[in-house]
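*Asks:* Next come the chains, spelled out residue by residue.
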Amino acid sequence: MLDRLTISMRASHVIALTFFAVALCFALIATLLGDTFYMRLASEALIFGGLALSVDFLLGFVGQLSLGQALYFGIGAYASALVLMQVPSFWLALGGAILAVLVSSLIGGLIVNRVRGIYFALITFGLAQVAAKVVYNTRELGASDGIIGIPVININLLFFSFSAANPLAFFLFVLAIIMGFYLLAAWLLETPAGRAMIAIRANEQRVAFLGYSVRNVRLGAYVFAAMIAGVSGALYPVLRGFVSPELMYFATSGNAVIAAIVGGVGTLIGAIIGSILIVGAKSVIGSWTEHHVIFIGILFMAVVLFMPKGIFGFIRERIEMRMIRKASAPTEAKTSDETGVAGKQA
Amino acid sequence: MIDADYLQFILAPQVINGLVLGVAIVLVALGLTIIFGLLDVINMSHGEFYAIGAFGALALASVGLNFWVILVLVPILMIPLAVLVERLLISRVFSTKDRHVTTLLLTFGLALIAEDVLKIIFGPNTHRPDTPISGATEIFGIIIPNYRMFLIGIGSLIIGAVAYTVYGTRLGAMVRAAAYDRNMAASLGVPVRLVYTGAFAFGVALAGIAGALLAPLYSVFPTMGRDFILLAFTVVIVGGMGSIWGALVAGLVLSQVQALASLFIPPVWTEPIVFATMIVFLMFRPQGLFGKIGHA
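These protein sequences, in sequence, are chains A and B.
Quick note on my numbering: the first sequence kicks off at 1 and runs consecutively.
Quick note on my numbering: the second sequence kicks off at 1 and runs consecutively.
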């Protein structure tokens, strides 16, 4: 039986597939033209897309707005950078980042999940600020300068290896990881645990009545989202060769929120494309004026006001309608609606 | 035993500095807490309104206006801006399901735009207007700059006036009624929409006047709202979102903590400590020290 969420996710997959094809075309064209700048910019946009995906997972499905998701992005980036300074192994760096994010997000999750709604937004905001200030003040972590001069490494995949300095190979690698996260998140939502997360957004009390531990489900969702952010962060120093406290600042978290909202909350793929749109817009508008924030701000507010589902939420709805019309039993699909019940805000 | 010199030249001036910061923070936090208490809006652009007030004072001073005129003019000029924001943005999404999140996002977007507009108009550099009241006075051997004394005085006056308006007047009773139960207040003839717009404009005007007052002290730059607003948020959360007394007590206590802690630990560490206080409060007492406005 197909419920509404499954149809929505299938529509998301259509967009994701299109996006994947476009990304491959871009890589091909950029390689033929001998471009490295835009390829590396696109890699960076994808990495931040992972952070936006993490924000979207929490906001779109569990109904929690995190204003401090850059915390885990930063922890992943710093952990990866610290390992890379010692041993030039990507997989060790990744392992270090995963471990650091797992531990910190478990602690962070226990702290922030004590509160709900608007207080959740504020506490995530505060937590990231504290962590950013601590990093900023710690000389061992490079203080305000961050860690610079991270060596360029070779990434070993089972049968071959490539240099992180190779723009095409690294772009494809990042693309694979971020799309992997997208699929992982989509898969998780189809599992009973994922359904419980979505149910929390609709009505937290009833989830408890059904015998689920609300606390564990919330914590699980939080740690999962933090992992996506953290692993994306771990890729950052590999690409750019440095990390700085700015990665943890509110500006980074805020950009991820903007990307997720503009792209479309609850579409998963929208957040990734949204991040690319934002980075792209910054780069294009930034080439003729330094005041690009104003345009992004206006775009963001316009989307919040007039297109609450975001650009790809809007497009996805059109795709969904076509899918429903095509399906043999169109009435059945409308019965369960994951957005039907008003979420309880604190 | 603390010796007299330490008391006179280090501790006491630091307490005074903390008091000045405290009064400033309370002015900004009051607006924030009134807007939250009444409209349930987390105003992420409040820091930018504070910055607009400071830049407004700067601009008015550059055309040769007197400081006292500016002090009256800035909050008056902020009101139409605030009314516009409330009517065009906030009231538009007020009845949507996720209005907490939506209004937070809208004001966040507004903050981004406002900051960039300030950069376009005034440039990214730091300005430092002249102190309108110069000189210093010695009280019990403690030397206090006159402008700081004036700030503490006028700040207390404004805070007192706000508290009196909210708790002692008929208008304040309407505001509290609207905060407690807006449907009931509306059915009893309180013009709730007008009260909302008015409260928002009032909060913004307070931020503006704080900006104008503090410009000579903390200097003026486009991102000045960002650092300040975090502290204001902390004050509002610790005091209780929507509580006027809470903002006052928390503002004065936290600014003293920050001022005095910087005597014992490196000043850069005082900020994380203050923010950590906010997290602890959010964890264990999210309603803050005092209840919400309108709830006794």
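Don't take each hint at face value.
Per label pair, the in silico range of CB-to-CB distance [said to hold, decoys possible]:
no.	chain 1	residue 1	chain 2	residue 2	range
1	A	285	B	189	24 to 30 Å
2	B	267	A	206	46 to 52 Å
3	A	280	B	265	56 to 62 Å
4	B	92	A	286	26 to 32 Å
5	A	305	B	64	37 to 43 Å
6	B	11	A	286	34 to 40 Å
7	B	193	A	206	52 to 58 Å
8	B	266	A	102	30 to 36 Å
9	B	193	A	148	53 to 59 Å
Hints were generated in silico from the structure; no laboratory data involved.
Every value quoted in this text rests on a predicted model; they were computed, and no experiment measured them.
The beta-carbon is built from N, C-alpha and C at its ideal position, and this holds for glycine as well.
*Asks:* Each of the hints needs a verdict: does it hold here or not?
*Replies:* Here's how the hints hold up against the structure:
Evaluation of the 24 to 30 Å hint for residue 285(A) and residue 189(B) yields a failure: the beta carbon distance comes to about 50 Å. In this structure the hint that residue 267(B) and residue 206(A) lie 46 to 52 Å apart at CB holds, the actual value being about 49 Å. Between residue 280(A) and residue 265(B) the Cβ separation comes to about 44 Å, which falls outside the hinted range of 56 to 62 Å. With their beta carbons about 30 Å apart, residue 92(B) and residue 286(A) fall inside the hinted range of 26 to 32 Å.
A beta carbon spacing of about 40 Å between residue 305(A) and residue 64(B) agrees with the range 37 to 43 Å that was offered as a hint. For residue 11(B) paired with residue 286(A), a C-beta distance near 49 Å fails the hint of 34 to 40 Å. Evaluation of the 52 to 58 Å hint for residue 193(B) and residue 206(A) yields a failure: the beta carbon distance comes to about 35 Å. A hinted range of 30 to 36 Å holds for the C-beta pair residue 266(B) and residue 102(A), which are about 31 Å apart.
At about 55 Å, the beta-carbon gap between residue 193(B) and residue 148(A) stays in the expected band of 53 to 59 Å.
Against the hints set out earlier in the document, violations occur for numbers 1, 3, 6 and 7.
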